[in-house]
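**Student:** Just so we're aligned: the sequence shown equals residues 1 to 388 in the numbering used here.
The hints are simulated quantities; they were obtained by calculation from the structure and are not laboratory data.
Just so you know, even glycine gets a beta-carbon here, dropped at the ideal spot from N, CA and C.
Any given hint could be a false lead.
To be verified - If you anchor each label on the Cβ, the simulated ranges turn out as follows:
hint, residue 1, residue 2, range
1, Val381, Lys204, 41 to 51 Å
2, Ile95, Gly305, 17 to 27 Å
3, Glu104, Tyr352, 46 to 56 Å
4, Ser103, Thr331, 40 to 50 Å
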Amino acid sequence: MLFYFKYSKFFSFVFLLLIGCFGLFNQSAFANTAGGSEDEKEVKDTVRAIVLYGNKFLIKPSAKFSEEIVFQYIDSLFNMPSRPDELIKQINLFIAVKEKSESEIYMLIDSLFELEHVPYALINQINYFVATRAGTEVDITKAVAITSFYDESEFPGNCFYDSWDTHVTHPYTDDLWREDSSPIVLVLRDTMNFCNYIHPHKGKVSSNFGRRDGKNHNGIDISLRTGEPVLSAFDGKVRIARNHGGYGNVVVVRHYNGLETLYAHLHKIKVKPGQEIAAGQLVGLGGNTGRSTGSHLHFEVRFKGKPLNPNHLINFSEKQLKHEAIVLNKTKWSYSICAEGAEYHLVEKGEYLSEIAERYGLSVIQLCEFNSLSRKSILQVGQRLRVS
1 MLFYFKYSKF
11 FSFVFLLLIG
21 CFGLFNQSAF
31 ANTAGGSEDE
41 KEVKDTVRAI
51 VLYGNKFLIK
61 PSAKFSEEIV
71 FQYIDSLFNM
81 PSRPDELIKQ
91 INLFIAVKEK
101 SESEIYMLID
111 SLFELEHVPY
121 ALINQINYFV
131 ATRAGTEVDI
141 TKAVAITSFY
151 DESEFPGNCF
161 YDSWDTHVTH
171 PYTDDLWRED
181 SSPIVLVLRD
191 TMNFCNYIHP
201 HKGKVSSNFG
211 RRDGKNHNGI
221 DISLRTGEPV
231 LSAFDGKVRI
241 ARNHGGYGNV
251 VVVRHYNGLE
261 TLYAHLHKIK
271 VKPGQEIAAG
281 QLVGLGGNTG
291 RSTGSHLHFE
301 VRFKGKPLNP
311 NHLINFSEKQ
321 LKHEAIVLNK
331 TKWSYSICAE
341 GAEYHLVEKG
351 EYLSEIAERY
361 GLSVIQLCEF
371 NSLSRKSILQ
381 VGQRLRVS
């Protein structure tokens, strides 16, 4: 979905075929650096990403098309029955950027932010050009920093889900998760846009995420007394507010950062589906409903339906976020979480967990926790392991 343009499905198809770069982007921005000498080869790696305003571009950076083809594409837009004038205008403006100085470009970006409808796709395109035109290597296919604070949809994080279900607690199929191939960077908090984090409840953790009694415990249990307030962790919109089997009275909130949080076993629900909600706003009163042996809050964090370990995002002792942004890497069953800019090790032939852990001053347990592995996991040559 492009933010400010309404066009037919046929145009969308044509656009996807033709989008591309017209020579502004150096091919080395997407090349692998494996061609150097042995001394130049790095075993360690760091995820690098540009923080974007949404994940949309006018012209896809990874495509390789000439300036001539782009102009042919613009000509085709003029011949459409319903001509997308705003799209044509923004592409022409971007073409003109290559002739501007850096100071002129920054002045242009400032002026774009002052518009009533900010053209974030155009701004992303310009920012990417500025970052790469000096030959700086930026691998946008490796990890793109995505935030949906700027998604024009009425539903938070819709660029990740493209659906909104107010009846089914977990409506997402594995197809939604399987389509992810590259790491995804989620910007958790954006204080400039009043998107913050507030701890859902002041109580202590009574049960952690992971295996429990032979089953997966997909959240964190926090001690509370019946009737104590439970708060929304981030800004967003209520998707679920109902009684659901083992969860009892449960609330699910979809957030602007793309995550969903779940609050279960509530005594009373204080919100309704579709309700806008701010970080720290009351979602319900703690209780003991559903499959529960005592009053507590069962708190889950999910992305595209897959449960994430809240301990990797939140410091429950300090009651604050551990990181402003996180990188999600798809694993066999879900996603692993690490901080943006985390250090990685590339597994080589003959290496094993204890050897790698010792090299980076980690215990095997820490290395396994970083990468959602077990001590019995078999490493693959070329596998990337988080080591910090």
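**Student:** Please write out, lowest number first, the hints stated earlier that are contradicted by the structure.
**Tutor:** Hint 2 contradicted; others consistent.
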